[in-house]
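Trainee: Below, each chain spelled out in residue letters.
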Amino acid sequence: MSSLVLAHTRHQMLEQIRVPIGLLASSLFPAIAMLAFAVPFVGDDPLASTVSTGSMTLVGTMSAALMGLSITVAQDREQPWDPYLRTLPAGPLPRFAGRIITTTAVMLVSMIPVLLIAALFTAATVTPPRLLLGVGAVIVSSLPFMLIGLVLGFLLPSKAAIGVSQLLFFPFAILGGLFMPLDIMPELVKTISQFVPSRGAGELVWWATTGVAPDVLPLVAMAVWTVVAGAVAAWAYRRDEGRRYS
Amino acid sequence: MTVLARAVEATRRYGEVVALDRVSLEIRAGEIVGLLGPNGAGKSTLINLFVGLRRPSSGLVELLGGSPADPLVRRGIGVTPQETGLPEALRVGEIVDLVSAHFPDAAGKAELLARFGLEDLAKRQIGGLSGGQKRRLAVALAFAGNPRMVFLDEPTTGLDVEARRALWDGVKAYHESGGTVLLTSHYLEEIEALAERVVVVGRGRVLADDTVRAVRDMVGVRRVSLVADRLPELPGLISSDREDGRFHLLTSDSDELVVELVRSGVPFSGLEIRPSSLEEAFLAITEKESAHV
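Chains as they are written, first to last, in our numbering: chain A, 1 to 246; chain B, 1 to 293.
Calculated directly from the structure, the hints in this document are not laboratory data. All C-beta atoms, glycine included, are put in the ideal place defined by N, C-alpha and C. Honestly, I wouldn't trust all of these hints.
[To be verified] Listed next, with one range per pair, are the computed distances between beta-carbon atoms:
(1) B:17 x A:132: 51 to 59 Å
(2) A:131 x B:160: 58 to 66 Å
(3) B:230 x A:78: 53 to 61 Å
(4) A:116 x B:70: 47 to 55 Å
(5) A:195 x B:70: 42 to 50 Å
(6) A:227 x B:58: 34 to 42 Å
[What the hints assert, rightly or not] The following residues of chain B were derived to be distant from chain A, with all beta-carbon distances above 10 Å:
(7) 26
(8) 31
(9) 40
(10) 109
(11) 123
(12) 161
(13) 188
(14) 192
(15) 214
(16) 228
(17) 230
(18) 236
(19) 243
(20) 260
With the sequences and hints as input, model every part of the structure.
Mentor: See below:
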């Protein structure tokens, strides 16, 4: 079974590397945002720079998880290659696992430009253990976005998946305080912010990299999002199978 | 003989549409069976039931003594993907590796590619292959797992004559080594070259299940058209209709029909005889079927 996971991971990695536009999109956007906003405005402040760096890596991984995953899953479902793969002697698990592993790899790559910019052009500081902890926090907090990406991919045609995932991405990023600090936001936004998964993701990553104690409510909200999105993803997957099989 | 694939009263509906209507069919080990029928006849639906992509709405479908939905059962079969869906960014060898990884007793990559004349293309990306090369790769993938039975959907559509012959040789070699084949085709010629047994499907039903020769005679239908005021009693007539004063007749024996027509002394003009398309022949058989019911 594990050799099948490997075979499917390899297959999807190769596709990802040979058509690297998804990889570029996930890496470039947060890097540019980092250069345009974080470097000139908070570049001299070690704590603010470190927080911004965490936020921008999250923006990159959110884009890979939410937009990348939803679009590739939706597109795959539309290809005649998909029914062929279903005739091969394997259940859905190997492909599924391959997809998650590949997306995680894309997320790791998308962090590199942001981290380089932070190291070279800002006062951001982090100890090696905190850096590792931060990378782990980014991966963990990408889980709800991967699951939401899967839900969209299973439910929508690819063109709709592109639109809807972007529609979710920007409000998530802004409300989560990833683009601008929450202190300068109106009270209403601060209140809503506590309930979006991106805020919990931010709290977790800021905590891991700077040691600043997190708000608890956003972390709970993120956990709830993860459980609900996981349940809906499983339902959407079965529904997709059902539509083809029944 | 062992039955490898079996459908018993299998019906498949898509909403209101009945794609397959109480079809019963057995395919035994070592057979090459051609599945012949016009588009929308139910060929693809029948194959989809056998390879586990869909389940019958009612009735039973069995594969290698088990359920087609069971991945372990599907280790014994091979299927052709549509060549238009092959992932463009991957190389030929990589696709073969991916498919082979699913089978415990996979054929060697080099040997498999050589069998279908693709040995020089292992390192080429799919996107750079010609349509014919993609088609051959698609067919080769059905054989990657050294299956007991293969399902070939339109295996040589779009191939030139030489490539078609080469592919037929590959299928024949597999059959001679004991393999079982179910293939679909629009082309009677293709089925004739490979199959011993032909199953004609139309409007979701099995219309004929016989030797190639018997079915060939059955669909050897010609279309005779002429202008006349009236027609005499004519032999071997399958169908007749009139359009703008012109009769269009479908017959299995155009020679005899013309002899009788001349003998009857009925005046006529503008006689034309041409082979009917397979499509027309199927429709004629279908209509004859429903008339009998």
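Trainee: Can you name, in rising order, the numbers of the hints this structure does not satisfy?
Mentor: none
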